[in-house]
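Protein sequence lines correspond, in order, to chains U and A. Position 35 (the first sequence) corresponds to 42 in our numbering; numbering is contiguous. Position 328 (the second sequence) corresponds to 408 in our numbering; numbering is contiguous.
For the record, the hints were derived by calculation from the structure and aren't laboratory data. Only a predicted model underlies this, so the values are computations on that prediction, with no experimental measurement involved. Certain hints may be false.
Here are the in silico distance ranges between beta carbons for each label pair [claimed, not checked]:
| # | chain 1 | residue 1 | chain 2 | residue 2 | range |
| --- | --- | --- | --- | --- | --- |
| 1 | A | S583 | U | A88 | 43 to 49 angstroms |
| 2 | A | W552 | U | L100 | 33 to 39 angstroms |
| 3 | U | V75 | A | G586 | 22 to 28 angstroms |
| 4 | A | E291 | U | R55 | 47 to 53 angstroms |
| 5 | A | P345 | U | V75 | 33 to 39 angstroms |
| 6 | A | W230 | U | G77 | 41 to 47 angstroms |
| 7 | A | D298 | U | A63 | 53 to 59 angstroms |
| 8 | U | E117 | A | S279 | 49 to 55 angstroms |
| 9 | U | E117 | A | W612 | 54 to 60 angstroms |
| 10 | A | L517 | U | L23 | 33 to 39 angstroms |
| 11 | U | R13 | A | A618 | 47 to 53 angstroms |
| 12 | A | L587 | U | V75 | 29 to 35 angstroms |
Backbone N, C-alpha and C define an ideal beta-carbon position, used for all residues, glycine too.
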Amino acid sequence: MSRVKRVAVTSPQTRLAHSRRRARGRWRVPRLAASDAERANLLYRAQRRRGLPALAGMFGLVFGLPLVFGLFPGLDSVRLAGIPLSWLMIAVLPYPAMALLSWWQLRRAEKIEDE
Amino acid sequence: MVAAFAVAPVVLVTLLIGLRGVAAMRTTSDFLVASRRISPLVNSAAVSGEYLSAASFLGVAGLVVKDGIGALWYPVGFTAGYIAMLVLVAAPMRRSGALTVPDFAEARLASPALRRLAAVVVLVIGTLYLVPQFRTAGLVLTAVGGTPYWVGVVIAGTAVSATLALGGMRAATYVQAFQFVLKLLLFIVPAIWLVSQVSPEQRSASVHPVEFTHFARDTQLSFEIDVTLTLREPATLLTPEKHVVPPGELVARSGETLVFAEGTPVPAVRGGAPLGGPDWQRPLLDLGDQGYPLLGTWAILIATMLGTMGLPHVLMRFHTSPDGRAARRTAAITVALLGVFYLFPGVYGVFGRVLVPELYVSGATDTVVVALPAQVDDGWAGSLFTGLLTAGAFAAFLATSLGLLLVISGAVAHDLAPGGLRRLRWSVLGAAAVMVLLALPSARLDAGVLVTWGFTVAASTFCPLLVLGIWWNRLTAAGAISGVLAGLVASSGSILVALFVPSLSGLPAILVSQPAPWSVPLAFGVMIVVSWRGRPPAWSTAAMLRLHLDDRTAETPSSWSEHRSSTVRRLGRRLNR
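Please take these sequences and the hints and turn them into a complete structure.
Laid out in structure tokens, this is it:
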């Protein structure tokens, strides 16, 4: 129960810097070293090329499924284990499909960077 | 009593975990992004914990009762957003080194004006999203424990702001990750218990919906909000004494209690598919019964999916990853974690239709989840599970509010009026106070409208800004500013029109109340056209490519003497061809 005020042990400069009103630092022109720019460009193109199929798959799944329901209303009356098939297709099917899709895309994206 | 036992532990644990985060908090970076030391698994649990708000825990099941099976498209859109995030945003966004979305905008486009505009958009989205969280906290405590509305709101505001002001993002991360596990358990275990407890007839009824046409027993309805009922046939009411109401409109005021006699035809509710009817069973969302189910479904999907990509509090979580690769993994794991949770709202929805159909008439469909256990078991087990679900719902408000409050105070004290750690802490308390004051008079607002609004604004402002900023080197600051402004004005204006001009019908009604299908392309279009008319600065290609450089090479300090801008210019020319 001492009355001594506890102070974090830091360099006086650090303490000063932290208590000062923080200027966010002026914006600096982004620069890339030549080798880095070359590599970044390759990565950019590879990621774009590999990202598009995954995006197409996602949009196809998410926007295609309502279309299927719109075109085939009969799915509502087909039953699997007593539950309407269309209910299973909206409540269960998309989640494992999306998890697989994201896992697939993650592996492909990381492979590009490993090369 | 149940409410106290359920909520007190959640609030206490939140505060305790929050206290743990106080250690080693010295800089803005510690406060806003937890020093960027969060592993992908913990971070994805925190992202999911933050994302599973009241709307997911209570709202989706309620919407299933109100609008039909098609409401299950909401969680599909919520989850799909993270795939888009994984492909387009996660890694480059983290590699920008920004602390907030406005930071990112300035780093990429060097425009202080854009930074301020982005901060204002963060405030708009944060408010639209946070007020409903506090509101639902108040309503749920009222429904379960009978406390006045303001008590729940103030408890939520106090717990969240205290945790955050003390522990910042580190505390928020641990709290959210813990609450994800808690929510998952508190949602799944009662669902399994429900399925095992209901009688075989009820189970069969839940998958063989019949239209809810007559009250099967004397039914007491308590109205928390004003509801206009349409009586097609004379109805027998038992309040104040038994009398017959002629066909026509019957307005039930909030706070009123009506008792419908057994066998009375069920009145129709404006703006919902007849419960259990053929439209209700269809897995499409016919918004407001305007007759365009496919368009309505797509509109919701666009708003939720692209909106997720632009939610500032979710984006901020990705900045806590140590590097771009970890951020990408976080997004991928999140898809799987959310997928597990979202298998269950439908269970509550279909049982809610069978067991508590009267909530459909009283408009209190948000309370379906917490109302179910008492219908199945009126002993201790029912109370126990009601308590567990209430605790889970409260955890949902707290986790989401933590993230939103952090991003609001970040926008105020880091982007609009930059200051140090002390200002960040005070702005947390200030923002929480303002949000509580805003939530107090909003008990009657439709929370669904506000959350959809927030998602639509995010989809039509930050989504195009991030996608074009990361993937298009010709984006200019002028293009970004005009696109964000166009998206903000178009989406908010349209929803305001829908709120104040309720007489629209048909196609315009859907496009005005759900503007995402046109406001998102509009924002993209304005950004592209204005950028095309201007000239991107010479460094814009370098600013974009920098985001795609993987962490291995970026970590090694490259000497400035190596730098030759001609390479960047040459690459820029090649990209533009």
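Checked hints:
1. S583(A) with A88(U): 43 to 49 angstroms: 45 angstroms, holds
2. W552(A) with L100(U): 33 to 39 angstroms: Given range 33 to 39 angstroms: holds, Cβ gap about 34 angstroms.
3. V75(U) with G586(A): 22 to 28 angstroms: 25 angstroms, holds
4. E291(A) with R55(U): 47 to 53 angstroms: 51 angstroms, holds
5. P345(A) with V75(U): 33 to 39 angstroms: 36 angstroms, holds
6. W230(A) with G77(U): 41 to 47 angstroms: 45 angstroms, holds
7. D298(A) with A63(U): 53 to 59 angstroms: 55 angstroms, holds
8. E117(U) with S279(A): 49 to 55 angstroms: Holds: the Cβ-Cβ distance is about 50 angstroms, inside 49 to 55 angstroms.
9. E117(U) with W612(A): 54 to 60 angstroms: 34 angstroms, violated
10. L517(A) with L23(U): 33 to 39 angstroms: At 37 angstroms between Cβs, range holds.
11. R13(U) with A618(A): 47 to 53 angstroms: Check passed, 52 angstroms falls within 47 to 53 angstroms.
12. L587(A) with V75(U): 29 to 35 angstroms: Roughly 23 angstroms apart at Cβ, these two residues miss the hinted range, so it is violated.
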